[in-house]
Amino acid sequence: MTHHFVAPVFYDALKREISFARREGNLVGVVKFVLFRNISEEELLYFANELELAVRQHDLIARITSHEFAVLLRFDSELNSACEALVARIQNVERRKFQYCWVITDGTKGLAQVLEELDNPQILRFSKSL
35 MTHHFVAPVF
45 YDALKREISF
55 ARREGNLVGV
65 VKFVLFRNIS
75 EEELLYFANE
85 LELAVRQHDL
95 IARITSHEFA
105 VLLRFDSELN
115 SACEALVARI
125 QNVERRKFQY
135 CWVITDGTKG
145 LAQVLEELDN
155 PQILRFSKSL
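For the sequence shown, the numbering used here gives the first residue as 35, with consecutive numbering after it.
What follows is a list of derived Cβ distance ranges for each label pair:
| hint | residue 1 | residue 2 | range |
| --- | --- | --- | --- |
| 1 | 142 | 72 | 34 to 42 Å |
| 2 | 91 | 49 | 18 to 26 Å |
| 3 | 109 | 144 | 15 to 23 Å |
| 4 | 115 | 158 | 19 to 27 Å |
| 5 | 58 | 131 | 36 to 44 Å |
| 6 | 158 | 86 | 19 to 27 Å |
| 7 | 57 | 84 | 33 to 41 Å |
| 8 | 74 | 54 | 36 to 44 Å |
| 9 | 140 | 71 | 29 to 37 Å |
| 10 | 123 | 73 | 18 to 26 Å |
| 11 | 59 | 146 | 20 to 28 Å |
| 12 | 147 | 83 | 27 to 35 Å |
Hints were generated in silico from the structure; no laboratory data involved. Heads up, the beta-carbon is just placed ideally off N, CA and C, and yes, glycines get one too.
Construct the complete structure from the given sequences, taking the supplied hints into account.
See below:
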């Protein structure tokens, strides 16, 4: 349906980036977007397209479940600001409410820890509603 990476490919890329961050002293971040189940297929494709337009060329987008997308952010010294900017760009074009969160690591958190944090409902935030 979308031409974004599937979860296993995304997880492999994330694992490599975490290892690279640990070795090189860099940061890597993941922003997760969760759409509500009541949206139509057309709205889902619209969101996927807007997400693709909002990311930078070297970022990686994945559809990790039917209504969840993740973006792997790398090569940025101000990763927290990059995550905030990505969410702001999506909020400016998406009219429906969605949830989002992000996790940033310097490699001290492994893949399992990053994924566990992303699945923590306590860090999910709601987008603004129009």
